[in-house]
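Engineer: For the sequence shown, the numbering used here assigns the number 1 to the initial residue and increments by one for each residue that follows.
Calculated directly from the structure, the hints in this document are not laboratory data.
Ideal placement from N, C-alpha and C gives every residue a C-beta, glycine not left out.
Mixed in with the good hints, there may be bad ones.
Straight-line C-alpha distance at most 27 Å; calculated DSS-like pairs for lysine-lysine [what the hints assert, rightly or not]:
hint : residue 1 : residue 2
1    : K193      : K148
2    : K196      : K148
3    : K182      : K193
4    : K235      : K193
5    : K65       : K202
6    : K174      : K148
7    : K174      : K127
8    : K182      : K66
9    : K235      : K174
10   : K196      : K182
11   : K142      : K235
12   : K127      : K148
13   : K235      : K148
14   : K235      : K66
15   : K202      : K142
16   : K65       : K235
17   : K235      : K182
18   : K174      : K193
19   : K142      : K193
20   : K148      : K202
21   : K193      : K127
22   : K65       : K142
23   : K182      : K142
Derived Cβ-Cβ restraints for the label pairs, each shown as a range [unchecked claim]:
hint : residue 1 : residue 2 : range
24   : L188      : A86       : 37 to 43 Å
25   : R68       : D231      : 23 to 29 Å
26   : G91       : G163      : 28 to 34 Å
27   : R212      : E138      : 17 to 23 Å
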Amino acid sequence: MSPPPSPAPSSLSCRPARDRRGAASAAAAVQVLELARGGGGEQPLPMAHRAPECAGYVREYMRGKKYRADLDLVASEAAAYARSLALAWDGRDAWLFDIDETLLSNLPYYADHGFGLELFNGQEFDKWVEMAMAPAIESSLKLYEEVKGLGYKIFLLTGRGEGQRTVTTYNLNKVGIEGWEKLILRGLDDHGKPAKTYKSEKRAEIEAEGYRILGNSGDQWSDLLGFATSDRSFKLPNPMYYIP
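When you get a sec, could you build the whole thing from the sequences and use the hints?
Structural biologist: Below, the structure is given as structure tokens:
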């Protein structure tokens with residue numbers, strides 16, 4: 001793992017909007033949290049560092065119906081876009097998926113670690129990864145199956161290290177995710193690179209092999225932005241952490 005990242009901004013506070021009855025909105029609080037930005041490490045930054053009052057709102061959102069509804073909405077929009085395209089005959093139309101909080105959910109881990117408010121512990125998270133217990137995000141699994149059925153070549157691009165290839169493949173297969181074109185993990189040469197740089201470089205390599213990246217699904221802006229971007233990108237909600 002890389003050295004610990006710079007702390008998230010200390011000025012971040014949790015001031016959720018209120019509905020017409022004056023009740024605090026957990027979803028609005030989550031929207032505030034997703035604006036947080038931090039330093040340049042590759043490890044997740046806690047979204048509400050130094051704002052522990054946000055924990056209740058994040059917990060309510062992640063365990064409630066709104067999070068699932070938001071996931072369903074993103075997957076529905078992505079599926080509609082995927083169906084709308086006429087794929088080329090050469091089999092080079094590609095769709096990218098991130099893994100953590102996109103295809104697989106680490107919510108069981110983060111529920112025991114303050115829903116992202118605790119500083120990230122790479123060793124503890126690696127122990128969780130090695131258990132291969134992460135469940136699929138159901139709406140993403142359905143999207144994956146539909147995109148694959150439409151004929152897209154699927155690339156999985158994750159920030160996990162190359163040493164976790166076997167357990168990651170096992171976890172994905174266990175929840176029904178299989179049949180991808182390529183699983184890309186961080187190698188030694190990628191160590192320490194910001195996620196946006198690393199993922200941009202890997203997308204450029206995919207394009208250099210002659211693929212057209214038509215769609216990209218991820219929970220972090222660093223999954224989607226940078227260079228060699230897809231024609232359309234689909235951002236899943238994740239108020240628990242931010243990876244620059």
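Engineer: If a hint holds in the structure, say so; if it does not, say that too.
Structural biologist: For each hint, the structure was consulted:
| no. | hint | verdict |
| --- | --- | --- |
| 1 | K193 - K148 | violated (30 Å) |
| 2 | K196 - K148 | holds (25 Å) |
| 3 | K182 - K193 | holds (21 Å) |
| 4 | K235 - K193 | holds (21 Å) |
| 5 | K65 - K202 | violated (35 Å) |
| 6 | K174 - K148 | holds (17 Å) |
| 7 | K174 - K127 | holds (18 Å) |
| 8 | K182 - K66 | violated (32 Å) |
| 9 | K235 - K174 | holds (25 Å) |
| 10 | K196 - K182 | holds (19 Å) |
| 11 | K142 - K235 | holds (16 Å) |
| 12 | K127 - K148 | violated (31 Å) |
| 13 | K235 - K148 | holds (19 Å) |
| 14 | K235 - K66 | holds (15 Å) |
| 15 | K202 - K142 | holds (25 Å) |
| 16 | K65 - K235 | holds (18 Å) |
| 17 | K235 - K182 | holds (21 Å) |
| 18 | K174 - K193 | violated (30 Å) |
| 19 | K142 - K193 | violated (32 Å) |
| 20 | K148 - K202 | holds (21 Å) |
| 21 | K193 - K127 | holds (23 Å) |
| 22 | K65 - K142 | holds (18 Å) |
| 23 | K182 - K142 | holds (19 Å) |
| 24 | L188 - A86: 37 to 43 Å | holds (40 Å) |
| 25 | R68 - D231: 23 to 29 Å | holds (27 Å) |
| 26 | G91 - G163: 28 to 34 Å | holds (31 Å) |
| 27 | R212 - E138: 17 to 23 Å | violated (28 Å) |
Consistency with the previously given hints fails for numbers 1, 5, 8, 12, 18, 19, 27, ordered from lowest to highest.
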